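J.: Listed below are the residues making up each chain.
2 protein chains.
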Amino acid sequence: MIHIQKEENFSDWYNDIVERAQLSDKRYPIKGMNVWTAYGWKVMRQIDSYIREELDRTGHDEVSFPLLIPETEFQKEKEHIKGFDSEVYWVTHAGANELDVRLVLRPTSETAMYPMFALWVRSHSDLPLKVYQLVNTFRYETKQTRSFIRVREIHFFESHTCHVDEEDAQRQVEEDFVILDRIMRKLCLPYSLLRRTEWDKFPGAHYTVGIDTSMPNGRSLQIGSIHHYLTNFSKPYEISYETEDGGREFAHQTTFGMSERLVGAVIGVHGDDKGLVLPPDVAPLQVVIIPIPMKGKAEVVQKAAEDIGARLQSCGLRVKVDDRDERPGSKFFDWEIRGVPLRLELGMRDMEGGVVTYARRDNGEKGTIPLEDLEKGTVSMLEKISEDMNAKAWEKHRGSVADVESLDDPPAKTLRFGWCGEEVCGQTIEEKFGLTLLGTPYGKDGERRSCIVCGAESEKLGHAARSM
Amino acid sequence: MIHIQKEENFSDWYNDIVERAQLSDKRYPIKGMNVWTAYGWKVMRQIDSYIREELDRTGHDEVSFPLLIPETEFQKEKEHIKGFDSEVYWVTHAGANELDVRLVLRPTSETAMYPMFALWVRSHSDLPLKVYQLVNTFRYETKQTRSFIRVREIHFFESHTCHVDEEDAQRQVEEDFVILDRIMRKLCLPYSLLRRTEWDKFPGAHYTVGIDTSMPNGRSLQIGSIHHYLTNFSKPYEISYETEDGGREFAHQTTFGMSERLVGAVIGVHGDDKGLVLPPDVAPLQVVIIPIPMKGKAEVVQKAAEDIGARLQSCGLRVKVDDRDERPGSKFFDWEIRGVPLRLELGMRDMEGGVVTYARRDNGEKGTIPLEDLEKGTVSMLEKISEDMNAKAWEKHRGSVADVESLDDPPAKTLRFGWCGEEVCGQTIEEKFGLTLLGTPYGKDGERRSCIVCGAESEKLGHAARSM
Chain P
-15 MIHIQKEENF SDWYNDIVER AQLSDKRYPI KGMNVWTAYG WKVMRQIDSY
35 IREELDRTGH DEVSFPLLIP ETEFQKEKEH IKGFDSEVYW VTHAGANELD
85 VRLVLRPTSE TAMYPMFALW VRSHSDLPLK VYQLVNTFRY ETKQTRSFIR
135 VREIHFFESH TCHVDEEDAQ RQVEEDFVIL DRIMRKLCLP YSLLRRTEWD
185 KFPGAHYTVG IDTSMPNGRS LQIGSIHHYL TNFSKPYEIS YETEDGGREF
235 AHQTTFGMSE RLVGAVIGVH GDDKGLVLPP DVAPLQVVII PIPMKGKAEV
285 VQKAAEDIGA RLQSCGLRVK VDDRDERPGS KFFDWEIRGV PLRLELGMRD
335 MEGGVVTYAR RDNGEKGTIP LEDLEKGTVS MLEKISEDMN AKAWEKHRGS
385 VADVESLDDP PAKTLRFGWC GEEVCGQTIE EKFGLTLLGT PYGKDGERRS
435 CIVCGAESEK LGHAARSM
Chain L
-15 MIHIQKEENF SDWYNDIVER AQLSDKRYPI KGMNVWTAYG WKVMRQIDSY
35 IREELDRTGH DEVSFPLLIP ETEFQKEKEH IKGFDSEVYW VTHAGANELD
85 VRLVLRPTSE TAMYPMFALW VRSHSDLPLK VYQLVNTFRY ETKQTRSFIR
135 VREIHFFESH TCHVDEEDAQ RQVEEDFVIL DRIMRKLCLP YSLLRRTEWD
185 KFPGAHYTVG IDTSMPNGRS LQIGSIHHYL TNFSKPYEIS YETEDGGREF
235 AHQTTFGMSE RLVGAVIGVH GDDKGLVLPP DVAPLQVVII PIPMKGKAEV
285 VQKAAEDIGA RLQSCGLRVK VDDRDERPGS KFFDWEIRGV PLRLELGMRD
335 MEGGVVTYAR RDNGEKGTIP LEDLEKGTVS MLEKISEDMN AKAWEKHRGS
385 VADVESLDDP PAKTLRFGWC GEEVCGQTIE EKFGLTLLGT PYGKDGERRS
435 CIVCGAESEK LGHAARSM
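In order, the protein sequences belong to chains P and L.
Under our numbering, the first residue of the first sequence carries the number -15, and numbering increases by one thereafter.
Under our numbering, the first residue of the second sequence carries the number -15, and numbering increases by one thereafter.
Just so you know, these hints were derived from the structure itself, not from any lab.
Check the hints yourself; a few may be wrong.
Any copy will do: because identical chains look the same in the list, a pair fits if it lies in one copy or spans two.
[What the hints assert, rightly or not] In silico EDC-like links for lysine to aspartate or glutamate, alpha-carbon gap of 20 Å or less: (1) K287 - D84; (2) K10 - E406; (3) K26 - E37; (4) K376 - D152; (5) K(-10) - E55; (6) K66 - E82; (7) K127 - D256; (8) K279 - D45; (9) K60 - D229; (10) K60 - D40; (11) K397 - D165; (12) K397 - E150.
These figures come from a predicted structure and were not determined experimentally.
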């Protein structure tokens, strides 16, 4: 069985892996609306659990808002509605009745939440207000769809906050970066924070920071974003509060959101020609134990494998003993496709030596763990895998950026170059490169370069790439 | 502040409690689509965690299907579409386009799942197929809405199974009863299993078992249902498998579903004039610790309260130390509204005596727990509360049923009576009583009585009540 090579044809490799690892079924009779099958949903839920952990830790309350938004509310912020008008689904009828007010399926929840925030926020003592939800959102995608990366029903988390002033909202943005970093370490995903151009920011935002990772085909994949809204939404939605001295001010708002693209990024960044490679923290199974049968000793080995499984399970690991009636090699193959981080093999020789043989999924390394150190040895092995996956992915991500000095002959990478920040030069860059201008690094001290279009000196380093 | 009395005006009491305990906000600008605020959502998620625990334990896989269903799939089972036609929401447009095929927002997921089951089920070795999902469903309710009990966006779990034959599907129904009972014990909710009448069963079902509990106003509340479909859906959706001897058979199917009405039932069954009374297993906070300040000793007491909180938290309990700058009495009041099962009060006198004072929310009982037995004493107190809440609720539920011998002068309860099982007599009963005929007890040996309409001897005991 010859499989598609990741390096040669990333796009087909990706689709093939999603199918063979049984992460998602795209045969559902609506294009771009896929079924989360059990294994894929377990990965997503594991990621969701870290999102909840981080947002709870930082004082956000989990809530759940209705899916449907009345057209009247949806239209209140002019830029916002302009940005989403062409890609929303409309509910127009219920039963046999035509609705008086059409309802939109949320593409994101600003316009669902903010009418309620206007009721909840009364005084400065109600601030900051920090909530989040994990929900399905909808976009009428017209481009070609791809599991987890470009779909029409999107599993999504969004946090929304209200603050007394711009500075406190800015502190929230900084907190979001910390939250993001802690989640990304678990997923072993590298990323860049790029402040989007004015013409590509979120409709209605003051500024947008895109969270981008790089895929093996040289393309950039946006996996989330953080927005500072100033009072752009609080004014039309009338979210105001009484100040300490009895005045009235509009709240300053931020949002942070990431989607199931995180699963797509994990597949693309870590997978190899044998299948998925899952970071230990997101793997539904972290360890698979495979008894190596020996004539007349099958039961002894089976029993010992189960014993090992029970020991690892009781220290909180997600473990499976594969006792199917199949050849070990075929079991290895199955679990490699599914990306289980650590395989333990147990045969008579291992038992006699008081060890278990391990094989790491990420780099193929093999060795033994003494049975007396089983728990400690396995836990630290999984930690090491996570560390190594992070290091390797970050190295690749950094290597995916190329500095260019002119508009000629760009390599198939993310490009970095001097840019004066003007839209007219930005447009020239996009046209000449045939790439998307992703923006400029958020918060980094600018290196002084000349704009590759107009030559003006600039502190901004533009980043451009083809997007997934 | 005089509150509404539960016994006198259940309906207003219910609405008032939902608002004051901050379980849900119904001011969202679409009637019957409410916002799950933080506290209510925590209760729901706690219940969801038990649903997952039980369904995982019994070998169901969690999946997540798309929300939207093409009209073409939705119409395949004739009874089903007839039953739902008047209460579904239709997506007809996306962006500026009118869709070729209209899409329905799932009212339940048979018609979303079964086209996929047809692809997944190939051979007898693929059976049984057991999946479930926790999702939002939609019904265009025309009756008056009520938080958790009658809403238009419904938080819902649904399990769907496929089996080789009717008997194996029947075994699944029996397993569902066990799952149900284990969940209901945690919620301290009593229930009746009533086989619905032919004219009130689920559209497309072979038979439907309604799961009903009784509310304090004498009305019956359906909190879930279990359906046996035979091959009623597998035929139109072509879910068939190859038998061991190479033949081809249609799968036999079942479903089991319960909704956020579970939260409504918990509120209605357990609450009292002071507010919510939450069963310990579903309470977001199981224990609240309130330091009783004493002049000059505030810090010592506060420190000791935090110490107690940490000890209880480390044995897995959900605990909060209320250190707000408020009078203890006002704190008691707040946590009583929110239904926290156990309050611990700690003052200097308690500390000197080496105890902590407790107050049970369910029955108001007060006493002390020795600090040296704190963990064991608290855990067993919570178990006792759960036991007592179960016993009390079951007693009330049993007492809510009245045997009647004729069609005259029914009391405001659930009525039990002889019924021959014929539709014509059933219709007479419904008309005369002005009640809904809920069905006949599932699986119990019938007591022989005469039908209260035609007098024919019958083994069926009809149950009728007003529904919420």
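J.: Give a verdict on every hint.
T.: Evaluated hints:
no., hint, result
1, K287 - D84, "neither (67 Å within a copy, 59 Å between copies)"
2, K10 - E406, "neither (42 Å within a copy, 47 Å between copies)"
3, K26 - E37, "both (16 Å within a copy, 14 Å between copies)"
4, K376 - D152, "neither (36 Å within a copy, 50 Å between copies)"
5, K(-10) - E55, "neither (44 Å within a copy, 39 Å between copies)"
6, K66 - E82, "between (25 Å within a copy, 19 Å between copies)"
7, K127 - D256, "neither (27 Å within a copy, 56 Å between copies)"
8, K279 - D45, "neither (58 Å within a copy, 35 Å between copies)"
9, K60 - D229, "neither (30 Å within a copy, 65 Å between copies)"
10, K60 - D40, "neither (30 Å within a copy, 44 Å between copies)"
11, K397 - D165, "neither (24 Å within a copy, 58 Å between copies)"
12, K397 - E150, "neither (36 Å within a copy, 59 Å between copies)"
Hint compliance for this structure: hints 1, 2, 4, 5, 7, 8, 9, 10, 11, 12 are not met, and every other hint is.
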